[in-house]
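These protein sequence lines are chains W and C, in that order. Its first residue numbered 26, the first sequence is counted upward by one per residue in this note's numbering. Its first residue numbered 63, the second sequence is counted upward by one per residue in this note's numbering.
Be careful, since some hints might not be right.
Quick list of the computed label-pair ranges, beta carbon to beta carbon [what the hints assert, rightly or not]:
#, chain 1, residue 1, chain 2, residue 2, range
1, C, Gln335, W, Pro200, 21 to 27 Å
2, C, Leu125, W, Tyr144, 20 to 26 Å
3, C, Ser140, W, Phe328, 47 to 53 Å
4, C, Val272, W, Arg48, 15 to 21 Å
Far from chain W, some chain C residues (derived; all Cβ distances over 12 Å) [unchecked claim]:
#, residue
5, Thr132
6, Phe151
7, Ala155
8, Ile164
9, Leu166
10, Leu174
11, Ala259
12, Pro287
13, Met288
14, Thr290
15, Pro291
16, Asn317
17, Asp319
18, Leu320
19, Ile345
A partial selection of chain W residues facing chain C, derived with a Cβ cut-off under 8 Å [what the hints assert, rightly or not]:
#, residue
20, Phe57
21, Phe61
22, Leu155
23, Ala158
24, Leu166
25, Val195
26, Ala307
Derived from the structure by calculation, the hints contain no laboratory data. For each residue, glycine too, the CB sits at the ideal point set by N, CA and C.
Below are the chains, spelled out letter by letter.
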Amino acid sequence: MALQIRADRATTRRRSIPGTGGRSAAVFLIPFFALFALTMIAPVVYAVGMSLFAEKRSGLGFGGATVEFVGAGNYFDVLSNRAFLEGFARLAMYCLLYVPTLLVVALALALLLDAAVTYARRAFQLLLFLPHAVPGVIAALIWAYLYTPGVSPIVRALASGGIEIDFLSVHMVLPSMVNIAVWEWAGYNVIILFTALQTVPREILEAARVDGAGEIRTALSIKTPLVWPALGVALLFTVIGSLQLFTEPKILSSVTTAVTSTWVPNMWAYDAAFNRNNLPQAAAASIILAVLAGALSWAVTRFTSKEPTR
Amino acid sequence: MSAVLDTPAPRPTPTPRAAASDPAGTSARAPRPRRHLLRRLPAIAGVNGLLLVGSAYMILPLLWLVFATTKDAKGLYSGEAFAFGGAFFANMAQLFTQDGGIFLRWLVNSILYAGFGAVIGGFIALMAGYAFDKFEFRGKNAWYGAVLVGVLIPNTATVIPLYLLAAAVGMTNTFWAVLIPTLCNPFGVYLARVYSAGYIPNETLEAARVDGAGTVRTFLRIGLPMLTPGFVTIALFQFVGIWNNFMLPLIMLQNRDLFPSSVGIALWQSQVQQNPEFSTLVIAGSFISILPLVIAFVMLQRFWRSGLSAGSVK
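Extracted from the complex, chain W is given alone in its bound form (with noise of 0.2 Å):
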């Protein structure tokens, strides 16, 4: 039956009868693709563009300003521009903290609630998630009042207990926004790890309980090599996601001087843009994001893609 099938598909594909071959399809893809090319190369490719110029004044400031071409200048000026580049380190930074905390944590949930009661894993799984239900913006202002001194019952409590910390220092605030950001993702990748876990087949749980093996050595030398392929994903999303950092600072920013205007290199493209009205710069700093992103999106997928699937 389904040879069948395919072989009159590639009939009527060869005598392309309206209604299987590309025409069609036109008709459902050209909506998407158009929103596509609107919407994501043609701003890219505009910005591009506009990063290759720069404004130049005269000296007096008579005559207005000049467009000119300058090449890969704006792309050399925010290189080496220092701020852009401590945004980039810190940025660095926090996806060094951010990225195996947030797995780990994930990873540990999900192999518990595979391992727990049944009836309590869907409510264990909507208590978990619901953090992803709450807005960016306001999850950083729920934790930006939870660490402000005064307001915040972690700082009492902490105080009480003779400990001293203020989360919105210069050294602190860093760690306090990847706290941020685990609280707001880890739900959402312990459902997909413990979906994944789901699949590991029920043979080779028994193989190892028969062979002596406790459900911690279980967990983690059969069930996590066999999630790899998930984790992979989780991994790649963290990645992307993190690169994206703005909300969060920019939310914090208005409680503590430690994060300045410049903070990460999204916020130094929006000062760029909005403070400093240097519109190629900003340009070229988003094109700089967008190609690093890529490049850690595709070492992510080729290593990930590597080990064994499945």
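Using the hints, position chain C against chain W.
For chain C alone, kept in the frame of chain W given last:
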């Protein structure tokens, strides 16, 4: 009710362990014989205890918000974080009357941006995913590759380029400047393709074709009803994504009347340094603006669960 909701559960993933045939009735998850139960008790308590700790970490900040909504500015600093105050209705009244009741407007804007974006964008993604699954055409893999590249480009990397382009054509500070970019949802196309492959048997479409139905008609009459659960999932995730969007509206809009709630609340927060009483506004506004999402997630559990399981398969 739940049985009805659960029947057409999409299973793009390989057969879950629970559903595997189990003739001996000894599922790996089934309780072990009784004599082991006592020995296992510490392990069970440990596992569920750790899960409780994890859940508390996720829930306590939300609970704090609920309690904080009931307090006035003085109560916020009182130190009784997890106790009710008496200012809930006063806070709500202040929230909805501040600046001529602008918060309600922000809320409506959020609903419009997210609602239109989710329904229209979700439908466009659904059509594209359906076409990638059911049609053969030249360059299919290359076009699909473009979609996947779209999935991998971080949103914020295109926000400033979008602003530059919108500024060039004079579109900034309009409703469309925020709505149109959110209609493009490459991840939705990916999900729609997975759903289309899982929900719609090719034989059904063949039958419709033999009966002489056109492609568009076939899609609307046969494909769309079968894809409805998938559409809800895609639209749900897109709704949440747009509701949560911050950088795009922040950059595109200067007119406060067009703000979504996220940008509006952030604007109030930026004034807290000068006017500490704004903090009750910020907290009340945060509470109101997460309420619809939390309710949606609790009601639509089946959809986000299936969406996430489809997303985890490469």
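Do the hints match the structure? See the list:
no., hint, verdict
1, Gln335(C) x Pro200(W): 21 to 27 Å, "23 Å, holds"
2, Leu125(C) x Tyr144(W): 20 to 26 Å, "23 Å, holds"
3, Ser140(C) x Phe328(W): 47 to 53 Å, "51 Å, holds"
4, Val272(C) x Arg48(W): 15 to 21 Å, "20 Å, holds"
5, Thr132, "14 Å, holds"
6, Phe151, "21 Å, holds"
7, Ala155, "21 Å, holds"
8, Ile164, "17 Å, holds"
9, Leu166, "17 Å, holds"
10, Leu174, "16 Å, holds"
11, Ala259, "14 Å, holds"
12, Pro287, "17 Å, holds"
13, Met288, "15 Å, holds"
14, Thr290, "17 Å, holds"
15, Pro291, "16 Å, holds"
16, Asn317, "15 Å, holds"
17, Asp319, "19 Å, holds"
18, Leu320, "17 Å, holds"
19, Ile345, "7 Å, violated"
20, Phe57, "4 Å, holds"
21, Phe61, "6 Å, holds"
22, Leu155, "6 Å, holds"
23, Ala158, "4 Å, holds"
24, Leu166, "6 Å, holds"
25, Val195, "18 Å, violated"
26, Ala307, "5 Å, holds"
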